[in-house]
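Asks: These protein sequence lines are chains A and B, in that order.
According to the UniProt record's numbering, the first sequence is numbered sequentially starting from 1.
According to the UniProt record's numbering, the second sequence is numbered sequentially starting from 1.
Hints in this document: simulated from the structure, not taken from any laboratory.
Errors might be hidden in some of the hints.
As the list claims (entries may be wrong) - With a straight-line Cα cutoff of 20 angstroms, these simulated EDC-like cross-link-like pairs (lysine to aspartate or glutamate) come out:
| # | chain 1 | residue 1 | chain 2 | residue 2 |
| --- | --- | --- | --- | --- |
| 1 | B | 125 | A | 41 |
| 2 | B | 98 | A | 41 |
| 3 | B | 280 | A | 267 |
| 4 | A | 35 | B | 182 |
| 5 | A | 35 | A | 10 |
Claimed, not checked - Computed far set for chain A versus chain B, every beta-carbon distance over 12 angstroms:
| # | residue |
| --- | --- |
| 6 | 10 |
| 7 | 40 |
| 8 | 43 |
| 9 | 51 |
| 10 | 55 |
| 11 | 60 |
| 12 | 71 |
| 13 | 163 |
| 14 | 170 |
| 15 | 171 |
| 16 | 172 |
| 17 | 225 |
C-beta: ideal position from N, C-alpha, C; glycine also.
The chain contents come next:
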Amino acid sequence: MRKAQRYIIEVIGIILAVIWLSPFYLMIINSFKTKREIFMDTLRLPEVFTFDNYVEAFGQLDFLKTFFNSLLITIVSVGIIIIFSSMGAYALSRRKGKISAFLFFMFVGAMLIPFQSVMIPLVYIFGKMDMLNRIGLIFMYLGFGCSLSIFLYHGTLNGIPKSLDEAAIIDGANRFQVFWHIIFPMLKPITVTVAILNTIWIWNDYLLPSLVINKEGMHTIPLKMFFFFGEYTKQWHLALAGLTIAILPVIIGYFFAQKQIIKGVSEGAVK
Amino acid sequence: MKKQTLWYWLFLAPVLIALTVVVIIPFIFGLYYSFTDWNGIQSTQFVGLKHYMEVFQDKEFLNSLWFTVKFSVASVIFINVLGLTLALIVTQKMKTSKILRTIFFMPNLIGGLILGFIWQFIFIKVFASIGDLLNIESLKGWLSTPETGFWGLVILMSWQMAGYIMVIYIAYLENIPQELLEAAEIDGANSFQRFRHITFPLVAPAFTVSLFLTLSNSFKLYDQNLSLTGGGPYNSTQMLAMEIFKTAFSENQMAYAQSKAIIFFIIVAIISLTQVYFNKKREVEM
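The shape of chain A in the complex, shown without the other chains (with noise of 0.2 angstroms):
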């Protein structure tokens, strides 16, 4: 009996996967189709596969410099996160007293205001300074990211006995070595987490880039897509060829990193 049911449940498990894979099936298959073939059936698999699309999305999408525009915003915003939270919330949490207190929940409180309550005088205040750019916004998102990366950190260090850290500055060592040397390293499973929860956010990201540096040759993947998609709504063939590049890169990444992946977002959200 109890086989017979959790035979039951893993074959409605299965046909749910098969419906959440469905879209990302049909995408693939009608990809591979003629324009003409979309505009007759969906459903079938192409008669002939063509790789036409993919050549004519891959240049018209640019795709070997949005990929690494969405490269380079997201390693370097996600390194200068997961370097300057950490350190803040390592001060907070050496430091305890009422300033650290505010602090903390002042970094925190940040949290509760959704970025279209922000976006219009930051755009605004980032014009005059004439930083609406890459560096702009890099630094925007340390800004935004910087509350929930500093939140994960403080929980794992309040874990960390301060003796530790007197040690060292006893023997000599001042707090940047005391840091970088002792503590960092003890705080790599969280940073995992932090890098996992930015990246997935920040690569995928639309608003603020197209608000900061919507300049041909500097869109990332999202913003050029969006510009892509809107030339071609009517050649359903291009626009899928585009939609499944845009997604590889991000399939492989998770094929590789699927458990940290996971665990991470799950640690993210619970606490």
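Starting from the known structure of chain A, arrange chain B on it as the hints suggest.
Replies: For chain B alone, kept in the frame of chain A given last:
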């Protein structure tokens, strides 16, 4: 400054400056602008609560507020029911549970903008093909009416976020001691009774987390809205975030848009603070 406090401020300076310049100052400026006639370049006078009064008579804003509320309620229900179902399936001891988790979670890694475009194809072209094949008229013309636009958004959001909520439930489900379930089984409890009396109470905290997470994510939705329906037909599926964006950057009514943004903030903050309240209350009870 004493050397002891110098390192403290040096460590904090980068994040403090970034938060202040990127979030706090724009927020304060925004609050101020919402009471003026700021046009994106300059403000000449203080207008008090004028914009706020207008917002509550702004049909387009009220429509999108109502649409956002309806959408949020529907997606919260669907996402949580689906997410818990998926979690209960994949925590069974079976060969495929790992690969199933991987599949269900996958949509979360892809940006909402791209997912919206993929589903535009599914709803417009694939649904029409299925409709042709099975002779179902109601599968044709999806996203061209307010109802199909609404359900399109709910389906997209549920498909995307159920895997995320699944992961949260899994974290709690896997913390349930197996001995407890086995002992209950030996004592003769059937699988429903075990769920009702052991699993459910121990997983209850996950409900609060998931409920508010889905609520605030649905309420703030922008990318999927933009790429799936673009707010259409005739602004009928335009959610709040998009309405604010349009007022600011298409209609150029900066101060007015900012007052909408402040109202948006207040609603989102109330949702989040309610969650904090429930979390604290539960911690006290435990």
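Asks: Now look at each hint and say whether the structure bears it out.
Replies: Against the structure, the hints:
no., hint, result
1, B:125 - A:41, "holds, 9 angstroms"
2, B:98 - A:41, "violated, 34 angstroms"
3, B:280 - A:267, "holds, 19 angstroms"
4, A:35 - B:182, "violated, 58 angstroms"
5, A:35 - A:10, "violated, 38 angstroms"
6, 10, "violated, 5 angstroms"
7, 40, "violated, 9 angstroms"
8, 43, "violated, 5 angstroms"
9, 51, "holds, 19 angstroms"
10, 55, "holds, 20 angstroms"
11, 60, "holds, 15 angstroms"
12, 71, "holds, 15 angstroms"
13, 163, "holds, 17 angstroms"
14, 170, "holds, 14 angstroms"
15, 171, "holds, 17 angstroms"
16, 172, "holds, 14 angstroms"
17, 225, "violated, 6 angstroms"
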